[in-house]
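Visitor: Full structure from sequences and hints, please.
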Amino acid sequence: MSAGFYRRLVGFMRAWSLRRYRPVHSLTLTQSRIYILPTRAGLWFLVTSLIILLLGVNYENNLVYGASFLLLSLFVLSILHTYSNLAGLSITALSARPCLVGEQAEFELLLRAGSRRDYEAIQLSWVDQAPVSCDLIGDSERRVRLYAQAPARGWWRPGALLIETLYPLGLLRAWTWLETDLKALAWPRPLPGDSLPAGSGSDGSGALLDGRGSDDFLGLEAYQRGMSPRHIAWKQLAAGQGLHAKQFGDHADRQLWLDWNLWPELDVESRLSRLCYWTLKLARQRLEYGLRLPGIEIRPGRGERHRHEVLRALALFGKGKD
Amino acid sequence: MKGVYQLTRPALVWQLLMVVVVLLPHSLRLPWWLPVMTLGAIGWRLLVHLGRTSFPHWSVKFMMAITAGIGAVVSIGRGNGPELAVALLVAGFALKLLEIYKRRDALVLVYVAYFLAATELLFGQTLLHALYVLLAMILITAALNAVYQSEHHPDFRRPLRAAVRLILPALPLMLVLFLIVPRIGPLWYAPMVQDEAVTGLSDTLSPGDVSRLTGSSAVAFRVEFSSGRVPPPSQRYWRGLTYDYFDGRRWQAESDHLSPPAVGELPSGPLLRYQMIIEPSGQPWVYALDYPVSANWPLRLAANWTLRAPSRIRQRADFALVSRPLAELPQQPGESARARYLQLPASGNPRARELAERWRNEDPSVEALVSRSLALFNREFVYTLSPPSLGEDSIDEFLFETRRGFCGHYAGAMAFLLRAAGVPARIVGGYQGGEWNPYESYLLIRQYEAHAWVEVLYPDRGWVRVDPTAAVAPERVEQTVDQLLADEPGFLADTPLSPVRFGRIGWINEVRLRVEAVNYSWHRWVLSFHLRQDALLQRWFGELTLWKLALALALPFCLVLGWVALSLLRQRRPKTLDKVDSELVRLSHRLGARGLERHSGEPVGRYAARVAEAWPELAPLILAVGRRYDQLRYAGIDDSTAQRAYREAVRACLRRL
Amino acid sequence: MLATPVERQQGLAMQDKIERAVSSVSTLVLGKDTQVRMALTCLFAQGHLLIEDLPGMGKTTLAHALAQVLGLSFQRVQFTSDMLPADIIGVSIFDQQASAFRFHPGPVFTQLLLADEINRTTPKTQSALLEAMEERQVTLDGVTHPLPEPFFVIATQNPITQFGTFPLPESQLDRFLMRIELGYPDPAAERQLLSEGRYRRQRDPLPVCIDLDDLAAIREACREVRVSDSLIDYLQRLVQYSREAPEFAYGVSPRGSLALLQCARTWAYMQGREYVVPEDVQALLEPVIGHRLRAAEQVGGHSSEALIRQMLERVDVVG
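Going down the list, the sequences are from chains A, B and C. At position 269 of the first sequence (counting the first as 1) the number is 269 in the working numbering, and the numbers step up by one without a gap. At position 139 of the second sequence (counting the first as 1) the number is 1139 in the working numbering, and the numbers step up by one without a gap. At position 102 of the third sequence (counting the first as 1) the number is 2102 in the working numbering, and the numbers step up by one without a gap.
Since the hints were made in silico from the structure, they are not lab data. Every residue, glycine too, gets a C-beta built ideally from N, C-alpha and C. Any given hint could be a false lead.
As the list claims (entries may be wrong) - Derived Cβ-Cβ restraints for the label pairs, each shown as a range: (1) C:Ser-2253 to B:Asp-1155: 24 to 34 Å; (2) C:Val-2143 to B:Asp-1578: 30 to 40 Å; (3) C:Ser-2171 to A:Glu-269: 38 to 48 Å; (4) C:Arg-2191 to A:Leu-237: 50 to 60 Å.
Guide: Set out below in C-alpha cells:
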C-alpha cells in the first residue's frame, strides 16, 4: 500500500466520518465513532506469530503451536483493550484563546473518564498537527491544551480533532475524528510601522510619553538625586523613615485614537495589521487609547479587557457578525 | 503523526529483563561466548542509559555482527540448522540491544524475543519448559506494553499488571485454538533438533553395561494398555535388541538387515494392545512386550522380533503396538542363523569351555544344560550392582572367582556356556518390570529397569526365554528394582535426589506417583496431541464438518471475548448500600407514596424533621429514626443494640404506614 | 466519645456563653443570626473572615461587636489606594537618643483587625497584610515581631467591580477560612432598625461574653468533636464532585476540605453536639468553599452559590 494511497484513503474516511456528525461541544466516545485497525507493528506481530506457527507445523511440536495460538489470542484480545482505551472517554471543548494570525492558538479540552477505568497514552491532535499525549490514570479528568496555527483574520476553527491510542500493545490503533464547536479568534498579523502620526491624540498635543505618568500613586522608592522634589514623601520623612520618593504610575490623561484614516496609503488588511501593531504597542506602554473604524468606535480605555475589545474589532472588521 | 519516541526508563529496564529471561535457557546450549557477549551488550546499554558512555559507532556494531556470525557458524557448524539459526538470532538480538533508542528498535527486539521464547520449546518440552515459556511470554508482553506506556506516568509495575491482564484471558482462547485447529504434517523437511545425549542400551553389551544404567531414574518409556490384561511384573519383558556376536570381551547386537518374520507363524493366543510413548534415547530401538505382531508406521519389525524406528529417536515418540505375550517363540532359524547363534571366539575362557564340555558329556539335552547352569548360578552367586571388575577372560573370572554380578554378567556367562555346549543362544537387551501408576493407569519404565536375559533355541520348542538373574535373585523379576536395590551403593548414583529413593515412605511415593501421572498426561494430551486430536474431536462432535469446527471455535471465542469486554467496559455501578442505608431507602420509598420521599443530598435528620412537620402523627417515630440514624452513622454509637434500636424505629414507622 | 456529666455541664455552660455572645451581637446587627454564628465559628476555628457585601450593610458593626463580646483589642483600617505596606505593619524609625532603630508597630498589632475594603488598596499592600495573616508575625528589617495571640482579621470587600479596585486573586482568597455575605436585613429587622435609628450607637459597649480562657477552651473542645467515617465519606464525595464536575474550573483543594472539616466541628460544637452531622457540613459549605471554587468558563451566569446548592443536591448524604 503506497503512502499516498493510504493518506488519500484516510482523508476520505475522515471526510466521510465527519460528514456523519455535526460539530459538538461535548461527546462521549462510543463504538459508532471509534475506528480500529491493525498498525504496521500489529501486522509484524501477526507475521511473527505465523512464523512461530510454521515452526510448530514443521517440527510437529504442539507446544510451539500453543505459543503461536497464545500470540494470536493476544492479538484478538488487544483489539478489545485498545478499543476500551477510548470507549467511554468523553471530550469537552472548553475554550479557545485568541491569538495573532500565524501564531499558535491555544485550545483547551477536558477529558473525562466515563467510568472508574484508567485511560493511558491517548494522543490528541488537530489533523496534521503535532499530537499531545495524555492519560487519565488515577484521576478521572484532565485538561489538555492543544495548539494550532491561526490561518487568517477572524473566527476560525482548528479542523477535526483526532483522538487515537495504541495502548496497550501497539498492535492496533483505535481512533476517532471529531469536529468540536471550538472557534478561535485570530487577530490581524501586526504590521510594524513607524511612529504614530501626529494628530492621533485627542487633544492633538503631542508625542507619546514613555512609561511614567504622574497621577496614580504606586508606592515609595528610595530617593535619588535628580528626582522631582515634588515627589518627596514628606510624611515618611517626618516619621523618620528617611528620604523617599513617591512613585506614580502613568495616568491616562493622554488619550490616543487609533484611526482607520491614519494610513490612507495602505490597503484594508495592511491597515488592520498596522492598527493591530499599534494596539499591542500602546497596550504594552499602558497608555489609554481608542479605536475608530468605519462604523465602529471604541472609546479610549486601558487594560486587558479593553485591549481584547479593540483587537476583536480589528479581527472581525468586515467579516460580518460571526 | 510519527514522532521520535524516547524509551522511558521502565521500558528500557523491561527490555533488558526480557532479554535476560529469553536468553537464559538458550544460553546453556549456546557456545559460551554468546551469553557473555549478550551480558556485555546489556552492560553497555545500561552504561549508555546512565550517561557513562555512548552508543557504539556503526562500524563497531558492524564488526561485532560479522564476528558473531562467523563465530556462530564455526562453533556450531552448518550441519545443525536449528541451533545455528537460534545462535544467529541470539547474536543479532544481543547486538540490537546496542541500538534501542527508539520505539521501532524496541519493537524489533520484542518480536524477536517472542520468537526466541517459542524456539525454546523445540529443545525441551516438559511442563516446566512450558511454564517457563509462558512466564517469558508474560514478561515480553510486559516489555511491549512498557514501550507504549505513557511517558507521563512511567511505572515499572504497571506493564506487568497489564501483561497479566492480557495473557490470562488469552489462555482459554489459546486452548480453544489448540484443540480445534487441525494439525497438518510438516510442510518441508526440517532437520530435527540435535540432542546429543544417548541413554539406554547400546548395540554392544559388556558385563558392566546394564548396571551402569541403574544409576539413572530417568524415564525410558511409558506404556498404556488399551486392551488386554496388564501382565504381572514377572511377565513384563520388554525386548529391545538381541546380541548374537561375542568377541570375547563384549556382545554385539544382531544387525537389522534380516528379512522380517512371518506373523502367521506365531501360535494363536491373547493379544495385548498398547500405546508406547518413548523418551528420546538417541537409539532406534523401540521396546515391545515379548513378540510384537503389529506396529504403526514407520516402525519396522526385524527378524529377531524386535522393533526399529527408521532413525534414531531424538524426540519423544508415540507408537501404537500390538504384542503377543509369549515366553517361547516356536520358530526355527535356518542353518546359517543357527551357526550364528553358536558363534564363539576361537580362544579364551578355557575353564568355562571346559565346564560346558563336561556338562555336555554328562547330559547333552538342552533342558539339562539350561537347568544345570541355572542351578550353578542359584547355588553360589551373588546379585549385586557393584561387581568387581573383570580381566581378560571375563567369563572365567566371573564364573570361578568373583561370582558376583549383575544381569549382564549372568546373561553373558549363560549364553557362553550354552554355546560352548553346542546350544544356540542369544542375549536379549531390554527392560524388565515397570511401575504401575494407578492415577493415570499406565506403566512407567525407567532406565534402572534395564535388563539382559537369554533366549535359548530348543530343537523342539524354538526360542525360549531364560532369565538367569531370576535364578540368582528371583526377587529381581517379581519386585520392582527400587525395592530390591535401594540399599546398593550404585543404585541411582547419577540422580542422588531422585524421589524414587524415598519410595518406601508412603506419602512421598504417592506424591511421586501423582507427579508422574501429571507428567504422563502432559505427554499424552499436550505433546502428542496431534495424534489424538481427530479421535477426540470425533468423540465430542461426531462426524467432523467444517461448520461444526468453526462453531466450536467461534462459540468459546465469543464467550471469552464477551466476558473480557464486559469487565473492561463495565460502568461504575452504584455502590451497594449497607443494611442501615437500605432500610432508610426502603422507608423513604414507602413515604414517597405520600410525596415525602427523601431528596438526594437531604440529611436524614432534616428529612425526618420535614416528614414530622408534614405528618404530625408520625413525628415521634420518624424523628426517632433520624436520631438513631445520626447516632449510628455520626456519633460512633454503632453497636448491636444501637443497630437493633434503629431497625425497630424503622419498623415502627413502616408499621404505621 | 461521650463526655462525662461534669464535662457536659461545662460544655453546656460554654454553649450558654456562646448563645449570650450571639444574642449580644444580634442586638447591634439585627436579624443576622446565622451570619453572626458563622463569623463566630470562623473565629473559634482560628480563621480569618472575609465579608463581602455592599457598603452600609453593617459589616463594620458586626466586626466591632464581635471584638467587644470576645473582649479583644480592636483596630480598624480603612484601605485606600495610596496605602503602603508600612501603614499596616509598622515602620522602623531611627531613634536619635537611643541611636538605634525602633519599631513602631502598625495597626496590625491587635487582636482583631478590621481591614475595611481590602480591595481598594494595591496588591502590594494586600499581600503584606495577607502574609502577616498567614504567618501571624511581621518581619521587618530582618527582625520578626510576633502578632498578638489571638489574632483575627475580618476583611471586608466590595463585590461590585468598581473602577480602581484590586479584587483579591484566588490564591489570596484561600487564606480566608470563610467568606460570608450579610445581605439585606429582613423586613422585621429593617423596621426595628429604622425605629431605633440613630440611638443605637449611643448604647453602652457590649459586655464581654467569652474571654480568652473560654476561647482556648472552645478550641480544645472542638478538637474533641467526633467525625465519623460516614461523614468523612460524605465530605470526600463532595470534594470529589467539585473536582470532577465540569461546572467548576477547578475543585476544592485539600486545604479547603480541611478547612471545611474544622469549621464543621466548631459548628457542631456550637450546637452542643459532640459529633458532626451532614447538616453542619451543608450549612458551612458555601461560606467555606464558595470563595475557593471558580465556575468554569462555559457555565455562564451561575453564581457559585447556585452551583454549590446544585452540588449539595447531587451529592447524596447516604451511600
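Visitor: Hint by hint, note whether the structure agrees.
Guide: To see whether the hints hold, each was checked on the structure:
no.: 1; hint: C:Ser-2253 to B:Asp-1155: 24 to 34 Å; result: holds (26 Å)
no.: 2; hint: C:Val-2143 to B:Asp-1578: 30 to 40 Å; result: violated (58 Å)
no.: 3; hint: C:Ser-2171 to A:Glu-269: 38 to 48 Å; result: holds (42 Å)
no.: 4; hint: C:Arg-2191 to A:Leu-237: 50 to 60 Å; result: holds (53 Å)
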